[in-house]
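Visitor: As they're listed, the protein sequences go chains A and B.
1 is the number of the first residue of the first sequence in the UniProt record's numbering; add one for each residue after it.
1 is the number of the first residue of the second sequence in the UniProt record's numbering; add one for each residue after it.
These are calculated hints, taken from the structure and not from any lab test.
Take these hints with a grain of salt, some might be off.
Pairs involving identical chains hold if they fit within one copy or between any two copies, as the list cannot separate such chains.
Straight-line Cα separation of at most 25 Å, DMTMM-like style, residue types lysine to aspartate or glutamate; simulated pairs [unchecked claim]:
id	residue 1	residue 2
1	K225	E53
2	K135	D192
3	K127	D264
4	K127	E207
5	K127	D235
6	K135	E210
7	K242	E204
8	K49	E123
9	K127	E204
10	K242	E151
11	K160	D70
2 protein chains.
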Amino acid sequence: MSSIKRVAIVGGTHGNEFSGIYLLKKWQQQPQSISRPSFCSEMVFANPKAHQENKRYLDHDLNRQFGLADLNNPDLTSYEQCRAKAMNQQLGPKGNAQTDFIIDLHNTTSNMGPSLILLQSDEFNRKMGAYIKCKMPETVVEFEDYSSVDEHHFVSSIAKQGVIIEVGPQPQSVIRQDILDWMEALTQHVLDYVHLSNINALPELPETYEAFQYSETLTLPVNEKGERIGMVHKDVQDADFKPIYNGSAIFTLFNGEIITWDGDYEAYPHFINEAAYYDNNLAMSLARKITVKTSDE
Amino acid sequence: MSSIKRVAIVGGTHGNEFSGIYLLKKWQQQPQSISRPSFCSEMVFANPKAHQENKRYLDHDLNRQFGLADLNNPDLTSYEQCRAKAMNQQLGPKGNAQTDFIIDLHNTTSNMGPSLILLQSDEFNRKMGAYIKCKMPETVVEFEDYSSVDEHHFVSSIAKQGVIIEVGPQPQSVIRQDILDWMEALTQHVLDYVHLSNINALPELPETYEAFQYSETLTLPVNEKGERIGMVHKDVQDADFKPIYNGSAIFTLFNGEIITWDGDYEAYPHFINEAAYYDNNLAMSLARKITVKTSDE
Chain A
1 MSSIKRVAIV
11 GGTHGNEFSG
21 IYLLKKWQQQ
31 PQSISRPSFC
41 SEMVFANPKA
51 HQENKRYLDH
61 DLNRQFGLAD
71 LNNPDLTSYE
81 QCRAKAMNQQ
91 LGPKGNAQTD
101 FIIDLHNTTS
111 NMGPSLILLQ
121 SDEFNRKMGA
131 YIKCKMPETV
141 VEFEDYSSVD
151 EHHFVSSIAK
161 QGVIIEVGPQ
171 PQSVIRQDIL
181 DWMEALTQHV
191 LDYVHLSNIN
201 ALPELPETYE
211 AFQYSETLTL
221 PVNEKGERIG
231 MVHKDVQDAD
241 FKPIYNGSAI
251 FTLFNGEIIT
261 WDGDYEAYPH
271 FINEAAYYDN
281 NLAMSLARKI
291 TVKTSDE
Chain B
1 MSSIKRVAIV
11 GGTHGNEFSG
21 IYLLKKWQQQ
31 PQSISRPSFC
41 SEMVFANPKA
51 HQENKRYLDH
61 DLNRQFGLAD
71 LNNPDLTSYE
81 QCRAKAMNQQ
91 LGPKGNAQTD
101 FIIDLHNTTS
111 NMGPSLILLQ
121 SDEFNRKMGA
131 YIKCKMPETV
141 VEFEDYSSVD
151 EHHFVSSIAK
161 QGVIIEVGPQ
171 PQSVIRQDIL
181 DWMEALTQHV
191 LDYVHLSNIN
201 ALPELPETYE
211 AFQYSETLTL
221 PVNEKGERIG
231 MVHKDVQDAD
241 FKPIYNGSAI
251 FTLFNGEIIT
261 WDGDYEAYPH
271 FINEAAYYDN
281 NLAMSLARKI
291 TVKTSDE
């Protein structure tokens, strides 16, 4: 593992997720708080125009614009598609990036607490999860390693290594102190991990730890016209990372009927009833609980 | 008190407050559930265009457009200003309205639970508060009776009598089952009250009950450029209708400093950290706790 020399912290990828945006403002006043002796840090305010308009995005979700083909397609010219190209120039180019590590800061309206989302399960990331769980045990570590980093469309996929820090519950356009504090602490622990890893000074880590691995996404019940006819069942609301089983109530139709989950494994819903996913009628993501082996050795 | 013959239930005054909008859809399938023998009910979807765009409003906050002078001013031509005139024609005209009673359905991102907001403290409303508190004790009754109904700019001020049903916490653009259930139950109790009042068959009510009366609004701390430099203190967050006193922590600045409340009464914050009030840097409303005498007798 070559060492990490250049780190970027990205806030405001979604314009109405306020914690990262206000943390950037804070760190601009005290840049030493995000620097470490073994690397330099920069900050990027990803979607200032969406923030001005107090929206997630203007034309397209910025956090879906970083596929390699899209970055190289000159016909994609919406605001976020241009912003993605500009960020790729600033931090990338993807595939051969100047930036070694990207931290992308997000909020969710779901009750996910402080969550660390990792796009690959290599040893560097597995050790990071172990380190973070030691320092901040309330953190949930989730692997979304269903495709290679190159194939991901997320901001953090510009660099070879990166994480998504996802903290909730926080309504869009709100700053909650508890959520801001969690995001700041989690970011600091990630920066510490990168530094300690760089200088080969990681503390002893547990051999294994508990994490989650994304499995699938559930959509809300709709009628033949595509209109929603139900909502997330109240027993599942706010129960992010609590298990459901075949037969668990997951939706309540507006006519009172209850819909149960027809699955064949112990599933852990998260991003439950996330406001931003309403465009697509997404209800929640599901994960499996996994035991992660920290080290290759 | 002349009896109430025509009731209107208004949903979607703010396009991203989903509970009222989905309750209207539900009641359109079963209109008998909102009718009573002594009056007829109609439903009004107030701001369908804002809902389509998943926003509070397009040009102006619709729930501030019902001042009498504004309704009669032909130069006010934004979408919501036109919508207000159209609603005034349908339900009003204000001052001499066909509709006797308006229920306007709202959500808040604040932890206000089921709340009944009353714009005047006449005997009809005081008895309504008493009736609702008997049927649904978790309801908070708040009087915002600082000006006459005529002077109010709210949708419900079109009619001589009306209430605002305000239920939270619910992020914008989300449907939570618990919030939907509360809003539906509270609306049904209000309809029952109007009917029982019409036919002179109210049950025995307590002589007095506890309620709140709006006193003032606090704004977030800002710098000389008008930029926010702090947030609601974590001890106040979610503590709607819990008392604060002179010296209570209310804001945390981003630099870590804590700001305390400099007031001379026992105050009850509500609409704490409401997402929609961020445009104006509003932090919370304050109220006094009051003991309401139910009846004039």
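Visitor: Which holds for K49 with E123 at a C-alpha limit of 25 Å: within a copy, between copies, both or neither?
Guide: neither (37 Å within a copy, 50 Å between copies)
Visitor: Measure nothing new, just compare the shortest in-copy and cross-copy C-alpha distances for K127 and E207 to 25 Å and report within, between, both or neither.
Guide: within (9 Å within a copy, 65 Å between copies)
Visitor: For K225 vs E53, is the C-alpha pair at or below 25 Å within one copy, between two copies, both, or neither?
Guide: Intra 31 Å, inter 18 Å, cutoff 25 Å: inter-copy only.
Visitor: Indicate which option fits the pair K135, E210 if close means a Cα-Cα distance not exceeding 25 Å: within, between, both or neither.
Guide: Within one copy only: 14 Å inside a chain, 46 Å across chains, cut-off 25 Å.
Visitor: Have a look at K242 and E204 and pick one of within, between, both or neither, based on CA distance no larger than 25 Å.
Guide: Intra 29 Å, inter 46 Å, cutoff 25 Å: neither.
Visitor: I want to check one pair: K127 and D264. Are their C-alpha atoms no more than 25 Å apart within a copy, between two copies, both, or neither?
Guide: neither (30 Å within a copy, 54 Å between copies)
Visitor: With identical chains treated as interchangeable, where does the CA-CA distance between K127 and E204 reach 25 Å or less: within a copy, between copies, both, or neither?
Guide: within (10 Å within a copy, 67 Å between copies)
Visitor: Tell me, please, which holds for K242 and E151 at an alpha-carbon limit of 25 Å: within, between, both or neither?
Guide: Answer is neither; intra-copy 30 Å and inter-copy 50 Å both fail.
Visitor: How do K135 and D192 come out at 25 Å by Cα distance, when the copy is not named: within, between, both, or neither?
Guide: Result: close within a single copy only, 10 Å intra versus 55 Å inter.
Visitor: Given identical chains, is K127 near D235, meaning Cα to Cα at most 25 Å, within a copy, between copies, both, or neither?
Guide: neither (34 Å within a copy, 35 Å between copies)
Visitor: Between the shortest in-copy and the shortest cross-copy C-alpha distance, which are at most 25 Å for K160 and D70: within, between, both, or neither?
Guide: Answer is within; shortest intra-copy Cα gap is 18 Å, inter-copy 58 Å.
Consistency note: the structure conflicts with the earlier hints numbered 3, 5, 7, 8, 10.
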